[in-house]
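There are 2 protein chains.
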Amino acid sequence: MYTLLKTDGMAKRGRFETVHGTIETPVFMNVGTAGVIKGGISSMDLHDLKCQVELSNTYHLHVKTGDELIKQYGGLHKFMNWDKPILTDSGGFQVFSLSSLRKIKEEGVYFSSHVDGRKIFMGPEESMQIQSNLGSTIAMAFDECAKNPSTKEYIKDSVERTTRWLERCKTHLNKLNQQEDTINKNQMLFAINQGGVYNDIRIEHAKVISEMDLDGYAVGGLAVGESHEVMYDVLDHVVPYLPKAKPTYLMGVGTPINIVEAVARGVDFFDCVYPTRNGRHGHAYTSEGKINLLNKKFELDDKPMDETCSCPACRDYSRAYIRHLLKSKEALGPRLISMHNLYFYNTMMEDIREAIEKGEFEAYRKKINEIFS
Amino acid sequence: MYTLLKTDGMAKRGRFETVHGTIETPVFMNVGTAGVIKGGISSMDLHDLKCQVELSNTYHLHVKTGDELIKQYGGLHKFMNWDKPILTDSGGFQVFSLSSLRKIKEEGVYFSSHVDGRKIFMGPEESMQIQSNLGSTIAMAFDECAKNPSTKEYIKDSVERTTRWLERCKTHLNKLNQQEDTINKNQMLFAINQGGVYNDIRIEHAKVISEMDLDGYAVGGLAVGESHEVMYDVLDHVVPYLPKAKPTYLMGVGTPINIVEAVARGVDFFDCVYPTRNGRHGHAYTSEGKINLLNKKFELDDKPMDETCSCPACRDYSRAYIRHLLKSKEALGPRLISMHNLYFYNTMMEDIREAIEKGEFEAYRKKINEIFS
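Protein chains in written order, with my numbering: chain F, 1 to 373; chain A, 1 to 373.
A few of these clues could be false.
[What the hints assert, rightly or not] No more than 25 Å apart at the CA atoms, straight line, and that leaves these computed lysine-lysine pairs for DSS-like:
hint : chain 1 : residue 1 : chain 2 : residue 2
1    : F       : Lys329    : A       : Lys119
2    : A       : Lys296    : A       : Lys329
3    : F       : Lys327    : A       : Lys329
4    : A       : Lys71     : F       : Lys327
5    : F       : Lys156    : F       : Lys103
6    : A       : Lys119    : F       : Lys327
7    : F       : Lys64     : A       : Lys329
8    : A       : Lys327    : F       : Lys64
9    : A       : Lys327    : F       : Lys119
10   : F       : Lys71     : A       : Lys297
11   : F       : Lys71     : F       : Lys185
12   : F       : Lys297    : F       : Lys327
13   : F       : Lys78     : A       : Lys329
14   : A       : Lys303    : F       : Lys64
15   : F       : Lys64     : A       : Lys297
16   : A       : Lys303    : F       : Lys329
17   : A       : Lys119    : F       : Lys296
18   : A       : Lys297    : F       : Lys329
19   : F       : Lys303    : A       : Lys71
20   : A       : Lys303    : F       : Lys71
21   : F       : Lys207    : F       : Lys147
22   : F       : Lys119    : A       : Lys329
Just so you know, the hints here were simulated from the structure itself, not pulled from any lab data. Because the structure is a prediction, the values reported are computed rather than measured.
Input sequences plus hints: build the corresponding full structure.
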């Protein structure tokens, strides 16, 4: 399903076929935590913003609206009216970052909902069941995202358990994909490499999971507080041990610089809340760097956020007006900047793909580093 | 500039020519308090929602962003990128409803800003200056909107002062329209009829202001706590004394029933925050009445808010999804319902115009009364 079309150094230009359409990589997945992009952005808007893949959160949809309701409705694609690919994370990251009173056992994790304190159990089978109920295109394996820093001993045990959980995820998703009432019988599964900042554990884990023939491979447990240098170092060591003929996904990353640096190390799937979170706080990504639209110098500026941009927000609205919207706490402000930022990220990925095709990725990488540093 | 195309009973079907385009009446003006419709709706969206006139608030734009900044930018039309008509209210209503420590004198009103407590003076000249700075299509006269109930004696004095203020508004706007750097030299002025619930004062005032040859005539000081019956009774008595060959505007009104009842009494301009305020609270206007989308019965309902509606929200999203958005406190929920509600109101006005043209307004009035009572 994954075709490696071209490489430029370690950078991969790929094509990933799914039942919900083709994904051209490198790709940035647009994060819609609760089945919607924050900032008032609809699935129809996503088409205008060049979004290829929407990403939703298993944990949030399970704990709040309920995946069983969404299954009964006909699945997440129908629910949010989005016909292109959806990736759902496994819920693991939120279980470890949001919930309280966690108890990790071999069978899975016992925790309390961050919404109402309700006791919930989630293990590999439960995570697969929820993601199957949602009917996403790509399910993520249920893993432990250990906190940083953790001792090497703890990480070693945790990674071994994550491997055993991966086996169980694979077995259970295969079973679910064969059931009559399953929404997406072609649901794919990506494995997640863990190992904290210990490269030897990560490499060993990468080798083991590479043997297990998953549809794609993610590097997880990064962007959790370590420095960018450490993150790049992990990628330098681990990516070479992941299958080149499969998608390589760096979870939860990142800034434009992080993305080109990871592409340069062989990663071709990304997701991050920065474009929308920054949008809600008035920060726009532009071809001249990041700007803060609350800055007084923009109060009479009739230029669009980015003069080189053709997104719906830049086509029609000025920095001065958007600043006024932010200061007046009007919902249109965050919407316009979030739309622009997603368009910026999705267009940057387009440029990255073109640069790799032309063998000019190094120049593009350098340009992004210059703009944003 | 106003052509009365057709009447059906007292109902008027008119056409109002402005420098920013033609307004077909009866018309509902879409309220964008701070130069933007609440709920994340842009001026581009307004075109899709069949909006003819946007209404902005002098008080809010003066106290917060500043009308001088907007003038320097090139006016409100350029600021919000809207090329169709804009009506600005005079600020009077907000001075009397929002601000504190008011002191009403012959020259105008001394008050404290509700934002930062800053002392501000606003009289007829100041209101005209602000509206001229904004460059709206239609300016409203600066009036006193007396609280309900007030004694007849108070209302009598207040209305006489409002008449003297109207003279000053007219004189000052004429002067401003002749200045070189005025943004809209064709800015029009509507008078406001006052008089509380005292029909004799209102009628006397209507006669006086009708002689003054304004571009349009509003009935103000209604929908401030009196019953609908009292409001209709005032209209029954006052509208016959306002010029039929000018627009008749009922300020701040109202529900669909209020609107058809006022049209039946000769009103043809309306504005109200209901469509967007209700949108933010999960209430949608439909061809079968008002529905509360938070209702549990909608949790699996895959029908659009209104099955007969072709607005952008009903085209693409279901009641179940919108309910999920509201419950998840996602900005897209209020946006979708607000868009639908504005479309509903604007389409209702279209239907009212058609009904008057066909001489079938009574049947339409009856239908709206049946749906919403």
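Comparing the hints with the structure gives:
no. : hint                  : result
1   : F:Lys329 <-> A:Lys119 : holds, 23 Å
2   : A:Lys296 <-> A:Lys329 : holds, 16 Å
3   : F:Lys327 <-> A:Lys329 : holds, 21 Å
4   : A:Lys71 <-> F:Lys327  : holds, 18 Å
5   : F:Lys156 <-> F:Lys103 : holds, 18 Å
6   : A:Lys119 <-> F:Lys327 : holds, 21 Å
7   : F:Lys64 <-> A:Lys329  : holds, 11 Å
8   : A:Lys327 <-> F:Lys64  : holds, 9 Å
9   : A:Lys327 <-> F:Lys119 : holds, 21 Å
10  : F:Lys71 <-> A:Lys297  : holds, 17 Å
11  : F:Lys71 <-> F:Lys185  : holds, 13 Å
12  : F:Lys297 <-> F:Lys327 : holds, 14 Å
13  : F:Lys78 <-> A:Lys329  : holds, 20 Å
14  : A:Lys303 <-> F:Lys64  : holds, 22 Å
15  : F:Lys64 <-> A:Lys297  : holds, 17 Å
16  : A:Lys303 <-> F:Lys329 : violated, 32 Å
17  : A:Lys119 <-> F:Lys296 : holds, 24 Å
18  : A:Lys297 <-> F:Lys329 : violated, 33 Å
19  : F:Lys303 <-> A:Lys71  : holds, 17 Å
20  : A:Lys303 <-> F:Lys71  : holds, 17 Å
21  : F:Lys207 <-> F:Lys147 : holds, 23 Å
22  : F:Lys119 <-> A:Lys329 : holds, 23 Å
Checked against the numbered hints given earlier, this structure breaks hints 16 and 18; the rest are met.
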